[in-house]
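Participant: So the chains spell out like this:
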Amino acid sequence: SQTIHQWPATLVQPVGSPLSLECTVEGTSNPNLYWYRQAAGRGLQLLFYSVGIGQISSEVPQNLSASRPQDRQFILSSKKLLLSDSGFYLCAWSVTGSRSYTFGSGTRLTVV
Amino acid sequence: GQQVMQIPQYQHVQEGEDFTTYCNSSTTLSNIQWYKQRPGGHPVFLIQLVKSGEVKKQKRLTFQFGEAKKNSSLHITATQTTDVGTYFCAGPGSSNTGKLIFGQGTTLQVKP
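Chains as they are written, first to last, in my numbering: chain A, 48 to 159; chain B, 475 to 586.
I should point out that these hints are in silico values taken from the structure, not numbers from a laboratory.
Remember, predicted model here, so these are calculated numbers, not experimental data.
Don't be surprised by glycine CBs; every beta carbon is placed ideally from N, CA and C.
Check the hints yourself; a few may be wrong.
[As the list claims (entries may be wrong)] Estimated spans, in silico, between C-beta atoms of each pair:
#	chain 1	residue 1	chain 2	residue 2	range
1	A	K127	B	Q554	41 to 51 Å
2	B	T551	A	T57	29 to 39 Å
3	B	Y484	A	P61	32 to 42 Å
4	B	S500	A	K126	45 to 55 Å
5	A	A56	B	R534	25 to 35 Å
6	B	S504	A	V62	22 to 32 Å
7	A	K126	B	R534	41 to 51 Å
8	A	P61	B	K530	44 to 54 Å
Looking at chain B on its own, in the form it has when it is part of the complex (with noise of 0.2 Å):
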């Protein structure tokens, strides 16, 4: 079946140090979506791509799909330990239902 695999699992940075996450689909996807989960806390859309090559920028944060839209990025500059918690990328099931498959998630940790 469809598969959204992510890695790393784990980083440990030192603050003010960069960070990225990889993300890779088993099929090609019609958007990407990445999610924060602070500890304890829930997953937060934090935005989607959809475009084919597209980078979209938040602050400090940088997203990118892939040109054969399977893959995609997010890449954390100077971290911050604001920037503390899960990143999940999703993409969207097979089936018109708006399901989202998940990628395991990326666990970042930044050292003060």
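Here chain A stands alone, though its shape is the one from the complex (with noise of 0.2 Å):
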């Protein structure tokens, strides 16, 4: 069966210090992928989405960038984190056909 993995689950991070969040799934190919923002009691803003290897495309301009190294991963990262970085980051996937989303069980930053 499919699985997401996401991690780590909470990180507090002072402000202008490096972020790499990682996101994995397991047992598809070829999964779209994609990073979400949630702000506190907000909905859900589309940073980044992947249809494959090396293939990025951003959504919203920010101090946030992401990669895709292999089929199956997705990473986000920043090399100086703003206060306004915080927030919930949610990675989900889908396979092209199905088109609902699973999402990770999510990363709780708070830059301080």
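Got two chains here, separate frames each, mind docking them using the hints?
Facilitator: Okay, here's the thing in structure tokens:
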């Protein structure tokens, strides 16, 4: 069966420090992968999506970047965190045609 | 750009009362999906509607897709404390990338 792993679950980082969040999917090949951010009590903002290895599309200009070094691995990074980067980061995958998303358990990031 | 709007943003009900959230898209949708996010958790896929005027039921939850395929609703009959959470609708983005555009969500609180 397909599973999605996201870590860490919680992270507290100082302003100006780097960030690396990792998401991996098991049990499927060539998934579409997505990074979303959710501010406290707010909706889901799409940050990046990827339809294949090395293919990254950015939805909003920001302090973050994404990479997909392997088919089932999606990484969200920042060189220098800002206070405004705090939030709940969710990775999701879908298979073209199935249309529904499966979300990871999320990373709650607090930048202090 | 394409927008998916959801109302109300918040709803407080007494246990046993009914609850409805409404979703409207700025464009015609090929399908509409609904997700539930429990407090502190990640969104979980509930259902997908595809056909114009479609109605689907999951126990006390009734989902409808409008005739014009631009609006949808989720109705919960006789709410229970286990229904607490945020309910999101989502529709496909304009490009063929599997992107979903999420509504802002409706957060339901149920008083026992």
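Participant: It remains to establish, for every hint, whether it holds in the given structure.
Facilitator: For each hint, the structure was consulted:
One distance hint, 41 to 51 Å for the beta-carbon pair K127 of chain A and Q554 of chain B, holds here, with the actual separation near 46 Å. Here the CB-CB span from T551 of chain B to T57 of chain A is close to 36 Å, well matched to the stated 29 to 39 Å. A C-beta distance of roughly 33 Å is found between Y484 of chain B and P61 of chain A, which places it inside the suggested range of 32 to 42 Å. Taking the beta carbon of each, S500 of chain B and K126 of chain A are about 36 Å apart, not inside 45 to 55 Å as hinted.
Range check, A56 of chain A to R534 of chain B: about 31 Å between beta-carbon atoms, so the 25 to 35 Å window is met. Separation of S504 of chain B from V62 of chain A is about 43 Å and departs from the stated range, judged on CB atoms against 22 to 32 Å. For K126 of chain A and R534 of chain B, the Cβ-Cβ distance of about 48 Å falls inside the hinted range of 41 to 51 Å, so the restraint holds. The beta-carbon spacing between P61 of chain A and K530 of chain B, approximately 48 Å, falls within the hinted interval of 44 to 54 Å.
Hint compliance for this structure: hints 4 and 6 are broken, all remaining hints hold.
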